[in-house]
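So the chains spell out like this:
2 protein chains.
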Amino acid sequence: MNTNKKLNMTMLCDFYELTMGNGYFKAGYKDRITHFDLFFRSVPDKGGYAIAAGLEQVIEYIQDLHFEPEDIEYLRSRKMFDEGFLDYLANFKFTGDIFAVPEGTPVFPNEPILTVRAPAIQSQLLETYLLLTINHQSLIATKANRIVRAARGRTVLEFGSRRAQGSSGAIDGARAAFIGGCKGTACTISDQLYGVPAGGTMAHAWVQTFDTQYDAFRAYCEIYPDNPVLLVDTYNTLKSGVPDAIRAFNDVLKPRGLTKCGIRLDSGDMAYLTRQARQMLDEAGWTECKITVSNSLDEIIIQDLLIQGAQIDAFGVGERLITARSEPVFGGVYKLVAYEDDEGNVVPKIKLSENVSKITTPQYKRVYRLFGNETGKAIGDWLCTYDEDVKSNCNPDGSLTIFDPDATWKKKTINNFTAKELQKPIFVGGRLVYDMPSLEEIQQYCADQMETMWDEVKRFDNPHNYYVDLSQKLWDIKYDLLTHNK
Amino acid sequence: MNTNKKLNMTMLCDFYELTMGNGYFKAGYKDRITHFDLFFRSVPDKGGYAIAAGLEQVIEYIQDLHFEPEDIEYLRSRKMFDEGFLDYLANFKFTGDIFAVPEGTPVFPNEPILTVRAPAIQSQLLETYLLLTINHQSLIATKANRIVRAARGRTVLEFGSRRAQGSSGAIDGARAAFIGGCKGTACTISDQLYGVPAGGTMAHAWVQTFDTQYDAFRAYCEIYPDNPVLLVDTYNTLKSGVPDAIRAFNDVLKPRGLTKCGIRLDSGDMAYLTRQARQMLDEAGWTECKITVSNSLDEIIIQDLLIQGAQIDAFGVGERLITARSEPVFGGVYKLVAYEDDEGNVVPKIKLSENVSKITTPQYKRVYRLFGNETGKAIGDWLCTYDEDVKSNCNPDGSLTIFDPDATWKKKTINNFTAKELQKPIFVGGRLVYDMPSLEEIQQYCADQMETMWDEVKRFDNPHNYYVDLSQKLWDIKYDLLTHNK
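So the protein lines, in turn, are chains A and B.
Just so we're aligned: 332 in the UniProt record's numbering is position 332 of the first sequence, and the numbers increase by one with no gaps anywhere.
Just so we're aligned: 64 in the UniProt record's numbering is position 64 of the second sequence, and the numbers increase by one with no gaps anywhere.
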């Protein structure tokens, strides 16, 4: 990306947001209040849950929304926009409302993780940047959370900048990976910008630049005696790498009474090599030496390595995390669900489709998560219209009867539960009303919320299908539009 | 990514580039001249070729390399860097040489697409940004080229911003897709910044915002009568979408004698629906109406749709292009291949590995492409050491005997050929010496160079393995280091 100037992200929009904006302007729909839901249709990797992320960058974007004179000039040069519309853009700012689930929340298909209520031109303009930001960071946070769970308490570090899809893929990817549970990153600027702890020691080039591997290791231990991590696979891990590392530790650290150190392996069979290396280190008295591995890791390989007794303290995960290689798309969409007519009535709108999965749930909504009071675990999520709530839907005994919107005859009555609204107000009338938590708080919140999920939902293969149910009223509106739309 | 300030991409480096830099500084290797090759090991999607891209952004990055006072302050706060090193960074600029293949060149595994010759700290610092930029854009240019070839002359447009992995994934991805052969993008800022033609007309929300679909279509035709493209699948493509579009064309365009228009389908079976829609449009006299389709397209689906007789004029390709979904990683690496000793001798260096595919080819090299004079087609690529060339390797009759480095007994003597060096000087002594071609020129160059590739190399499945051979001298150096390294 252009490194020599600050880009105006307001211009990172699909061109059709502008042709539509100009169209709303000319057709007299400029001030029509529209409601858009941002939601996704399926969890990547056939997983049971996703982790919402990216809201902080959405907030920064909304606060910075504006058109520079050069942007207006570019648009004018396209010779298709009304001068009145260009004037409108020159004075553009966001005046609407945004509600969203906090970053780090486990989220599920077909529930709004972000909702915009704003005049048509405004809500439309946001589409591309909101989607790309939430899609990208939720993709990486979700993948990171899977990988961290596979590591069962061992440290996972994000090492993928060099394979990221562009600079923001690296920078924001490291942030999202931290939310998902990674302990740190290799990406320096993500530390400087977001406080994601950045670390790293040496590449193969360090070893090659010296006349011998031992010289390279010795020099590194002398410069960084506090916790040198030596890369041992440049020539031969077991024949020379680990022995040279032990020799350097013995020669430099031992005389000073230092015991904190590590080795890193970046190739070969990690189950075999780490077991051998652990034995060699232990026999040489370096029992505190940590073993880090890298090399095309993901949650499946990590799970297998641990089953096979690999001796690993930390995982450096690169391309398969930073690109979510196994499924690199988070399919969030942004759909009109209602508008307000001239009398201020909220009119629900649906989008039908030849593909059933692409049919939307109309109407301005509330999103609840229902927790069992005895277990503390989440029972499911429940959506209702903006003008009702859980209480108004409860049976006289305080229980709530919910049903599966895909199989409406499947009903369940739940008792002794607590309902919490998932979306928080972020902007009201264009004004930021949300206190952003720190990145550490978001990471902790994510870990805490994952504790409320049953293990069945967290399985890598064939997880339990978490409930996202609709209120009767919401279902009736959807069914009515499904059967009566033109 | 932070939208409120310009980020310093110099800080987009793996942290170990800095720990190594500080180490070189303290170990007295600051001025050791190192040679690094940037190359990749396999083509994504098991394809036969890749398209190099991203050089222009590498050039901008190199020209902007510097550390701001706040960057130095951040590094000092890490309490591990020598003050002398921080002073060095405060005055940092690139003084080395860079050679690279031009953007748009078809490239192959295990040949250097970019080479850096610079003092160790400098060449090391570049690693992350060079890799992420070349990896990302080459990934997308390669994928785009596959998709464009599948479309057999029909227009392919890049529509993926909303699913891109971060803002630069969208912005630079649109640029790379254009290099690969896409005709345009939906991403407005990529047009403004790079001149990738941006276009787009309407989303489903446009149709939903009006009281009826016909009202929405009619309004759009009135505002954009020159070439309205109407999205026809919001409710039902054949029952109401195409009929409402025809009615709007009849009511608005016909009276004005306008015939240029289009429809877009975004769901359903594209083979069936486009054949039906084409027939309906033709019967209504709208034979010039173009049909665009979108919805999870890639080269395989496009190839199949055309075999099945789909009636499509243009493809809008989204997530599967902008993330290269089927294989979202371009595995470029950056490896030390030589350094210069105190007498200025170039000392070749190898990196061995337990994984044979990770063994590098040492030495500062030249890269040639050999073209048959009669066919104009590329025979293969040929690498030699920096101090030899094709001529010095030719047989007395002017022929050249080449051999497969993985199977050295497989030899071939070629006659009547022209050898062209692939890498061009980009920076010499830190000074830019390369005239960047325009983006249109790069796109044309890519198309021309693809014409020099045999069809066998371009197959999607099981393509011919293009030759990347080594000179005898280069092979001897590699073999010697393979057998004698410590």
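Quick caveat, the hints were computed from the structure, so don't treat them as lab data.
There may be inaccurate statements among the hints.
No copy labels: a pair is met if it fits in one copy or bridges any two.
As the list claims (entries may be wrong) - In silico DSSO-like cross-links for lysine-lysine, where the CA-CA straight-line distance does not exceed 27 Å:
hint, residue 1, residue 2
1, Lys410, Lys30
2, Lys358, Lys239
3, Lys5, Lys93
4, Lys290, Lys26
5, Lys79, Lys260
6, Lys411, Lys93
7, Lys93, Lys6
8, Lys183, Lys410
9, Lys6, Lys420
10, Lys239, Lys377
11, Lys5, Lys260
12, Lys260, Lys26
13, Lys260, Lys412
14, Lys79, Lys254
15, Lys478, Lys239
Consistency of the hints with the structure:
Taking the closest pair of Cα atoms, Lys410 and Lys30 never come within 27 Å of each other, the shortest separation being 43 Å inside a single copy and 71 Å across copies. In this homomeric assembly, Lys358 and Lys239 come within 27 Å of each other (Cα to Cα) only across copies, at 18 Å, whereas the closest approach inside a single copy is 57 Å. In this homomeric assembly, Lys5 and Lys93 come within 27 Å of each other (Cα to Cα) both inside a single copy, at 22 Å, and across copies, at 19 Å. Taking the shortest Cα distances, Lys290 and Lys26 sit within 27 Å of each other only across copies (25 Å), while inside one copy they are farther apart (66 Å).
Taking the shortest Cα distances, Lys79 and Lys260 sit within 27 Å of each other only across copies (17 Å), while inside one copy they are farther apart (66 Å). Taking the closest pair of Cα atoms, Lys411 and Lys93 never come within 27 Å of each other, the shortest separation being 46 Å inside a single copy and 68 Å across copies. For a Cα distance limit of 27 Å, the shortest separation of Lys93 from Lys6 qualifies both inside one copy, at 19 Å, and across copies, at 21 Å. Taking the shortest Cα distances, Lys183 and Lys410 never come within 27 Å of each other, neither inside one copy (42 Å) nor across copies (50 Å).
Proximity of Lys6 and Lys420 under a CA criterion of 27 Å is satisfied in neither setting, with 40 Å inside one chain copy and 39 Å between copies. Within a single copy, Lys239 and Lys377 get their C-alpha atoms no closer than 51 Å, and across copies no closer than 46 Å, so neither meets the 27 Å cut-off. For the homomeric pair Lys5 and Lys260, neither the shortest alpha-carbon distance inside one copy (43 Å) nor that between copies (39 Å) is at most 27 Å. Taking the shortest alpha-carbon separations for Lys260 and Lys26, only the inter-copy value of 22 Å comes in at or below 27 Å, while the best intra-copy value is 69 Å.
Taking the shortest alpha-carbon separations for Lys260 and Lys412, neither the intra-copy value of 56 Å nor the inter-copy value of 56 Å comes in at or below 27 Å. Only between protomers do Lys79 and Lys254 lie at most 27 Å apart by alpha-carbon distance; the minimum there is 23 Å, versus 74 Å within a single protomer. Taking CA atoms no more than 27 Å apart as the test, Lys478 paired with Lys239 passes between copies only; the shortest distance there is 20 Å, against 67 Å inside one copy.
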